[in-house]
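So the protein lines, in turn, are chains P and R.
First residue of the first sequence: 1, per UniProt numbering; consecutive thereafter.
First residue of the second sequence: 1, per UniProt numbering; consecutive thereafter.
Just to be clear, a hint being listed does not mean it is correct.
[Stated by the list, open to error] Simulated pairs of lysine-lysine, DSSO-like, Cα-Cα distance not exceeding 27 Å:
{"#": "1", "chain 1": "P", "residue 1": "Lys363", "chain 2": "P", "residue 2": "Lys392"}
{"#": "2", "chain 1": "P", "residue 1": "Lys368", "chain 2": "P", "residue 2": "Lys279"}
{"#": "3", "chain 1": "R", "residue 1": "Lys11", "chain 2": "R", "residue 2": "Lys69"}
{"#": "4", "chain 1": "R", "residue 1": "Lys33", "chain 2": "R", "residue 2": "Lys23"}
{"#": "5", "chain 1": "R", "residue 1": "Lys69", "chain 2": "P", "residue 2": "Lys323"}
{"#": "6", "chain 1": "R", "residue 1": "Lys11", "chain 2": "R", "residue 2": "Lys67"}
{"#": "7", "chain 1": "R", "residue 1": "Lys63", "chain 2": "R", "residue 2": "Lys18"}
{"#": "8", "chain 1": "P", "residue 1": "Lys279", "chain 2": "R", "residue 2": "Lys63"}
{"#": "9", "chain 1": "R", "residue 1": "Lys69", "chain 2": "P", "residue 2": "Lys363"}
{"#": "10", "chain 1": "R", "residue 1": "Lys11", "chain 2": "R", "residue 2": "Lys63"}
{"#": "11", "chain 1": "R", "residue 1": "Lys43", "chain 2": "R", "residue 2": "Lys33"}
{"#": "12", "chain 1": "R", "residue 1": "Lys23", "chain 2": "R", "residue 2": "Lys43"}
{"#": "13", "chain 1": "R", "residue 1": "Lys23", "chain 2": "R", "residue 2": "Lys63"}
{"#": "14", "chain 1": "R", "residue 1": "Lys11", "chain 2": "R", "residue 2": "Lys23"}
{"#": "15", "chain 1": "R", "residue 1": "Lys58", "chain 2": "R", "residue 2": "Lys11"}
{"#": "16", "chain 1": "R", "residue 1": "Lys20", "chain 2": "P", "residue 2": "Lys279"}
{"#": "17", "chain 1": "R", "residue 1": "Lys67", "chain 2": "R", "residue 2": "Lys18"}
{"#": "18", "chain 1": "P", "residue 1": "Lys323", "chain 2": "R", "residue 2": "Lys18"}
{"#": "19", "chain 1": "R", "residue 1": "Lys58", "chain 2": "R", "residue 2": "Lys23"}
{"#": "20", "chain 1": "P", "residue 1": "Lys395", "chain 2": "R", "residue 2": "Lys11"}
{"#": "21", "chain 1": "R", "residue 1": "Lys67", "chain 2": "R", "residue 2": "Lys20"}
{"#": "22", "chain 1": "P", "residue 1": "Lys363", "chain 2": "P", "residue 2": "Lys323"}
{"#": "23", "chain 1": "R", "residue 1": "Lys11", "chain 2": "P", "residue 2": "Lys323"}
{"#": "24", "chain 1": "R", "residue 1": "Lys58", "chain 2": "R", "residue 2": "Lys69"}
{"#": "25", "chain 1": "R", "residue 1": "Lys67", "chain 2": "P", "residue 2": "Lys323"}
{"#": "26", "chain 1": "R", "residue 1": "Lys43", "chain 2": "P", "residue 2": "Lys279"}
{"#": "27", "chain 1": "R", "residue 1": "Lys69", "chain 2": "R", "residue 2": "Lys20"}
{"#": "28", "chain 1": "P", "residue 1": "Lys279", "chain 2": "P", "residue 2": "Lys363"}
{"#": "29", "chain 1": "R", "residue 1": "Lys20", "chain 2": "R", "residue 2": "Lys63"}
{"#": "30", "chain 1": "P", "residue 1": "Lys323", "chain 2": "R", "residue 2": "Lys63"}
[Said to hold, decoys possible] Computed beta-carbon distance windows for the label pairs:
{"#": "31", "chain 1": "R", "residue 1": "Gly41", "chain 2": "P", "residue 2": "Leu143", "range": "26 to 36 Å"}
{"#": "32", "chain 1": "P", "residue 1": "Asn266", "chain 2": "R", "residue 2": "Pro6", "range": "22 to 32 Å"}
{"#": "33", "chain 1": "R", "residue 1": "Glu27", "chain 2": "P", "residue 2": "Glu228", "range": "47 to 57 Å"}
{"#": "34", "chain 1": "P", "residue 1": "Glu230", "chain 2": "R", "residue 2": "Pro6", "range": "48 to 58 Å"}
{"#": "35", "chain 1": "P", "residue 1": "Asp297", "chain 2": "R", "residue 2": "Tyr12", "range": "16 to 26 Å"}
Please keep in mind that the hints were generated in silico from the structure rather than gathered at the bench.
Every residue, glycine too, gets a C-beta built ideally from N, C-alpha and C.
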Amino acid sequence: MANFPHCPYFHGGVGAAVHCHVALSVGPFIFRVISVWAYARAGPFIGPVELAAKTTAPLISPPMCLSLTRMKGLRLRSIQPTALARISSEARRALQLESAPGTSYAGGACIPTSPTLTSLFSKKGHDGAGSSQMNPLRVLALLGAGVSGFLSFGTIAAADEAEHGLACPNYPWPHNGILSSYDHASIRRGHQVYQQVCASCHSMSLISYRDLVGVAYTEDEVKAMAAEIEVVDGPNDEGEMFTRPGKLSDRFPQPYANEQAARFANGGAYPPDLSLITKARHNGQNYVFALLTGYHDPPAGITIRDGLHYNPYFPGGAIAMPKMLIDGAVEYEDGTPATEAQMGKDVVTFLSWAAEPEMEERKLMGFKWIFLMSLALLQAAYFRRLRWSVLKSRKLVVDVVN
Amino acid sequence: MADEEPVDQKKYLEESCKPKCVKPLLEYQACVKRIQGDESGHKHCTGQYFDYWSCVDKCVAPKLFVKLK
Numbered sequence: 001m002a003n004f005p006h007c008p009y010f011h012g013g014v015g016a017a018v019h020c021h022v023a024l025s026v027g028p029f030i031f032r033v034i035s036v037w038a039y040a041r042a043g044p045f046i047g048p049v050e051l052a053a054k055t056t057a058p059l060i061s062p063p064m065c066l067s068l069t070r071m072k073g074l075r076l077r078s079i080q081p082t083a084l085a086r087i088s089s090e091a092r093r094a095l096q097l098e099s100a101p102g103t104s105y106a107g108g109a110c111i112p113t114s115p116t117l118t119s120l121f122s123k124k125g126h127d128g129a130g131s132s133q134m135n136p137l138r139v140l141a142l143l144g145a146g147v148s149g150f151l152s153f154g155t156i157a158a159a160d161e162a163e164h165g166l167a168c169p170n171y172p173w174p175h176n177g178i179l180s181s182y183d184h185a186s187i188r189r190g191h192q193v194y195q196q197v198c199a200s201c202h203s204m205s206l207i208s209y210r211d212l213v214g215v216a217y218t219e220d221e222v223k224a225m226a227a228e229i230e231v232v233d234g235p236n237d238e239g240e241m242f243t244r245p246g247k248l249s250d251r252f253p254q255p256y257a258n259e260q261a262a263r264f265a266n267g268g269a270y271p272p273d274l275s276l277i278t279k280a281r282h283n284g285q286n287y288v289f290a291l292l293t294g295y296h297d298p299p300a301g302i303t304i305r306d307g308l309h310y311n312p313y314f315p316g317g318a319i320a321m322p323k324m325l326i327d328g329a330v331e332y333e334d335g336t337p338a339t340e341a342q343m344g345k346d347v348v349t350f351l352s353w354a355a356e357p358e359m360e361e362r363k364l365m366g367f368k369w370i371f372l373m374s375l376a377l378l379q380a381a382y383f384r385r386l387r388w389s390v391l392k393s394r395k396l397v398v399d400v401v402n
Numbered sequence: 001m002a003d004e005e006p007v008d009q010k011k012y013l014e015e016s017c018k019p020k021c022v023k024p025l026l027e028y029q030a031c032v033k034r035i036q037g038d039e040s041g042h043k044h045c046t047g048q049y050f051d052y053w054s055c056v057d058k059c060v061a062p063k064l065f066v067k068l069k
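Please take these sequences and the hints and turn them into a complete structure.
In structure tokens, the structure reads:
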């Protein structure tokens, strides 16, 4: 089975994947299209201004009227209700009262309205459908949104549990806080676990020996560690490739020459590269820890074929990797008892560092810049209000045009 | 360290969380009984199994790292 990085819908086979994807995409999509169409037909939000128009209430305040009419490209005019009633439609056009399409004056108030709503207004006794609260198209829009949401939820909940794997709990990692750094002693132990337990099958081809300097080991320690491996280099002056002891600049050694060799040695399954594994899996740190320490007996009724092992956290339940973290498998340099949970925590801390070595610098930078930008925001808000105070406190005098 | 055989902290906590999760455990055991003798091979207790382990995990997770170095 291809090793898709946590594509939860793939493990049931192609048929299940197609059904799941189609149901998720087509059903809600149709409802969303309908709800968007219905909302577009319903027109812009008018609300209390409509109400004012129908009851011929006094003019709304000039600044609001100014903003609404400016949006529609109208010139500001104000006419008493009785005067408006006496003006014919030709005269109204001549006075450029309807300079933008889809706008109209209604009852002396200053409102832009859509053509559909204007037609709705003209019908007598059409209060229910015309007002902003009871528009049947709006009701349809809301209904469409609700049903599409429900449909999406329904299709996901119906999927098989084992297909997604048991959801892993969230562990309180010491480096989780907003200003928390990695436990570097744990990174050092985790690297030891990786080297002795995992490196025989899993590559970490994006990490170099020099990355460890200053993080988990001193430079001399890393140089000695690198010198233990043989690296192919060349060509030399005679044109031949040669092997030499490793240097700081070399990448971590790969256990297999290529993916095919890795699959062949592991029953068809490819042990993934671990350089980015905690970022490459959903909720990666917790998932990897739960997986490594979560090998239990399968539930009643589940049989796993030869060559695979049961792990509830693995999507589908059948994983090619056997349980690797056994109590006492590693002897820690600092004397920490190497229990399964301890090794799991250390190796996941190491893998988190390998995937996100910049984390500590990122958190420091983030804290600093969020703080400074908040101060800048306060200054900008003050300065904006200072400059706008001139416009916002001016008075407009409205004259009747004859 | 003094003790020769350090006990795995996670196993220990899972055992101590069993009493808290007795209800899903009994559901699982009831399911096991129900499907005993099933020859079709289609019946399984994954749901109840997941419910039990979900409960145990929720109980263990906040306590585990305190015990680890």
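Hints, one by one, checked against the model:
1. Lys363(P) <-> Lys392(P): violated (41 Å)
2. Lys368(P) <-> Lys279(P): holds (25 Å)
3. Lys11(R) <-> Lys69(R): Holds, because 16 Å separates the two Cα atoms, which is no more than 27 Å.
4. Lys33(R) <-> Lys23(R): holds (15 Å)
5. Lys69(R) <-> Lys323(P): Between Lys69(R) and Lys323(P) the Cα gap is close to 22 Å, so the pair holds against 27 Å.
6. Lys11(R) <-> Lys67(R): holds (12 Å)
7. Lys63(R) <-> Lys18(R): Satisfied, since the Cα-Cα distance of roughly 14 Å is no more than 27 Å.
8. Lys279(P) <-> Lys63(R): The given pair, whose Cα atoms are some 25 Å apart, holds under the 27 Å limit.
9. Lys69(R) <-> Lys363(P): With Cα atoms ~24 Å apart, Lys69(R) and Lys363(P) stay inside 27 Å; holds.
10. Lys11(R) <-> Lys63(R): The given pair, whose Cα atoms are some 12 Å apart, holds under the 27 Å limit.
11. Lys43(R) <-> Lys33(R): holds (12 Å)
12. Lys23(R) <-> Lys43(R): holds (21 Å)
13. Lys23(R) <-> Lys63(R): Holds, at roughly 21 Å.
14. Lys11(R) <-> Lys23(R): holds (20 Å)
15. Lys58(R) <-> Lys11(R): OK: Lys58(R) and Lys11(R) at ~14 Å, within 27 Å.
16. Lys20(R) <-> Lys279(P): violated (33 Å)
17. Lys67(R) <-> Lys18(R): holds (18 Å)
18. Lys323(P) <-> Lys18(R): holds (23 Å)
19. Lys58(R) <-> Lys23(R): Answer holds: Lys58(R) to Lys23(R) is near 15 Å, not above 27 Å.
20. Lys395(P) <-> Lys11(R): violated (76 Å)
21. Lys67(R) <-> Lys20(R): Answer holds: Lys67(R) to Lys20(R) is near 20 Å, not above 27 Å.
22. Lys363(P) <-> Lys323(P): violated (35 Å)
23. Lys11(R) <-> Lys323(P): Holds, at about 15 Å.
24. Lys58(R) <-> Lys69(R): holds (21 Å)
25. Lys67(R) <-> Lys323(P): Roughly 22 Å between the alpha carbons, so the hint for Lys67(R) and Lys323(P) holds.
26. Lys43(R) <-> Lys279(P): violated (36 Å)
27. Lys69(R) <-> Lys20(R): holds (26 Å)
28. Lys279(P) <-> Lys363(P): With Cα atoms ~17 Å apart, Lys279(P) and Lys363(P) stay inside 27 Å; holds.
29. Lys20(R) <-> Lys63(R): holds (14 Å)
30. Lys323(P) <-> Lys63(R): holds (23 Å)
31. Gly41(R) <-> Leu143(P): 26 to 36 Å: Violated, since Gly41(R) and Leu143(P) (Cβ atoms, about 45 Å apart) do not stay within the stated range.
32. Asn266(P) <-> Pro6(R): 22 to 32 Å: holds (31 Å)
33. Glu27(R) <-> Glu228(P): 47 to 57 Å: At roughly 53 Å between Cβ atoms, Glu228(P) and Glu27(R) fall inside 47 to 57 Å, so the hint holds.
34. Glu230(P) <-> Pro6(R): 48 to 58 Å: 36 Å Cβ-Cβ, so the 48 to 58 Å window is violated.
35. Asp297(P) <-> Tyr12(R): 16 to 26 Å: For Tyr12(R) against Asp297(P), whose Cβ atoms are near 18 Å apart, the range 16 to 26 Å holds.
Checked against the numbered hints given earlier, the structure breaks hints 1, 16, 20, 22, 26, 31 and 34 and satisfies all the rest.
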